[in-house]
Structure formats: structure tokens, C-alpha cells
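Numbering-wise (the UniProt record's numbering), the sequence shown opens with residue 1 and increments by one.
These aren't lab readings, by the way, just hints derived from the structure by calculation. Positions of the beta carbon are idealized from the N, C-alpha and C atoms, including for glycine. Do not rely on the hints blindly, as some may be mistaken.
[As the list claims (entries may be wrong)] BS3-like, lysine-lysine: derived pairs with alpha carbons at most 27 Å apart:
1. K164 with K209
2. K227 with K209
3. K227 with K164
[What the hints assert, rightly or not] The following label-pair restraints were derived from C-beta to C-beta distances:
4. R93 with A62: 24 to 32 Å
5. G149 with G111: 27 to 35 Å
6. A148 with D218: 43 to 51 Å
7. L83 with P191: 26 to 34 Å
8. E94 with E242: 23 to 31 Å
9. D56 with S86: 36 to 44 Å
10. Y272 with D126: 46 to 54 Å
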Amino acid sequence: MNSVDDTDVAGGAREAGRPGASKRAVIVTGGSRGLGRETTLRLAAQGCDLAVCGRDAASLEAVAEEVRARHGRTLHTERLDVLDESALAAFVRESAARLGRVHGLVTVAGGARGTDLRDTEPSDWDLTCRLNVTHPAIALREAADHLAGTGGSAVLVSSVSGWKPAPPAQYAAAKAAQIHMASSLARELGPRGVRVNCVSPGSMLIEGKGWARLRDEDPRAYRAFEKEFPGGRLVDPREVAEVIAFLLSDRARGVNGANIPVDGGQNAPSAYGY
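From just these sequences and the hints, can you work out the full model?
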């Protein structure tokens, strides 16, 4: 595991109106790019110490440097694929040891493999399930005792596709399972003082990702897709990160086992309809 400068800046990134945030420590999977990056930066801005994993070393280094430069927070990073279950479990254990406590877990890493039903192999369904269901389950299993010790919580990042039908089916099914798993684990871990919630982002506009490419390559199709949103625009990942940060905070103590859509009222989850 690589470690960015462990020197803490006393009160360095503490925001007005967010008491006690500087004492919190959070583990984020997939925390170096896209929504994961915005979540990492949002939590760092609140004064959290962080442990972040991801597959791309350059992205991890970039977000680590940004957190250090902008917020002066402790940040541990590790390059790994969450499909490597033993490495994922070790990352959570080592992160807890390095941070000294864990108040929150956010599982952002996810995705899918395969296309439509005819062209999708059983291995595609298996991999998609492992990414979106097995990975957060393992991470939470390893973090649960630490979260119980701090009265902490977990946020599993699902998708609008988990409750509004859209292809590909393997992704929709895995995200729906993730939502149900969160509510089940909330009941299991609740007596230990641990909250578990889901956030289901709508289609997010992230530079370099699919919807941004559609905007640049087929503006007409993109403008048509924007009509699926009552506000006429796709979701900003920073808006999702704000909700994740809220759910981890003590202000959300009464929220448990919930699935919170952050989709701008989106209709069809796909530019190609249901």
C-alpha cells in the first residue's frame, strides 16, 4: 500500500457547520476516478482521513496529490482490482489498521461485462455480479467490526438501472441485488449500531466516460437523451458525492436500509429507451 504524507493539518480542511468531521476515517473502493474521485474529494473537504483503492496507479496518485494539496488530509492508496477478493479483504483490513478507526465505507467500484442476452456468456453474468454484489459484501464483511466500534455506516453505490429497467440485463439485475442486499445487511448489522444504505445515481456526465462521448460524437442523440431528465441535464457526480457524504454523517442517523435515488427524476436509464 502506498501512503501519502501522513502529517495531519490540524483543523486544516474543517468546514464551517460540519463539527467533528476531522475525526472521521473512511474507506472508498474505486475512489480515484469519476464518482469515486468526487466522493474522495468531498470527504477530504469535510476533514476525513481516507483509504482509497483503484485499478489505475496514475489516477490514484493524482487524487492523492489533489487531496494533499487542497485539503492536507491523510490518504492511503492501493492499486488493486476488487475482483481479487483476497486483495480487497486485505486492503480493508490494512486500511483500518493504518487509519486506526473506520467510521465509513463507500463501495463505488462497479461495472458490467457483456451486451444483450444473445451475446452474453455465463462468465459475463458472473463477473458483473462479483463486481456489484460480491465486492461490496466482502468489503463490508471486513469493515463491519470496525464500523460497529465507531457507530459508523456503509454506502453502497448502486444505479438507477437497479430499479428502473434498462439493458444490459446483467447490470440491472446486479444493481437491483445490491439495493436489496443493502437493506438486508442494514437489518443484520443494525443491532450492532451499523447503518447500511444505497445510493442510486442516475446517468452522470463525467468527462471521458460514455455520456460525455455521446455528447461529443452524437450531439443530436445526446440532446434527445437529456429530455429523459425533467431538469434537462444529466446528473453531476458532485451531487451524488454530496448525498454519500450526508449518509455517512451523524445527520443521517435515522436513515438505514434505504435506497436514495440521485437521478434528477430521470425516466429511462438508457439513451436507447427501456
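Taking the hints in turn, this is what the structure says about them:
1. A C-alpha spacing of about 21 Å is found between K164 and K209, which places the hinted pair at or below 27 Å, so the restraint holds.
2. Among the hinted pairs, K227 with K209 is consistent with the structure: their alpha-carbon atoms are about 20 Å apart, no more than 27 Å.
3. Under the criterion of a C-alpha separation no larger than 27 Å, the hint pairing K227 with K164 is consistent with the structure, at around 16 Å.
4. Range check, R93 to A62: Cβ separation about 26 Å, and the 24 to 32 Å hint holds.
5. At about 32 Å, the beta-carbon gap between G149 and G111 stays in the expected band of 27 to 35 Å.
6. A hinted range of 43 to 51 Å for the beta carbons of A148 and D218 is consistent with their spacing of about 49 Å.
7. In this structure the supplied range 26 to 34 Å holds for L83 paired with P191, their Cβ-Cβ distance being about 31 Å.
8. For the pair E94 and E242, the beta carbons lie near 29 Å from each other, so the given range of 23 to 31 Å is met.
9. The hint said 36 to 44 Å for the Cβ distance between D56 and S86, and at roughly 20 Å that hint is violated.
10. At about 25 Å, the CB distance of Y272 to D126 disagrees with the hint of 46 to 54 Å.
Checked against the numbered hints listed earlier, the structure breaks hints 9, 10; every other hint is satisfied.
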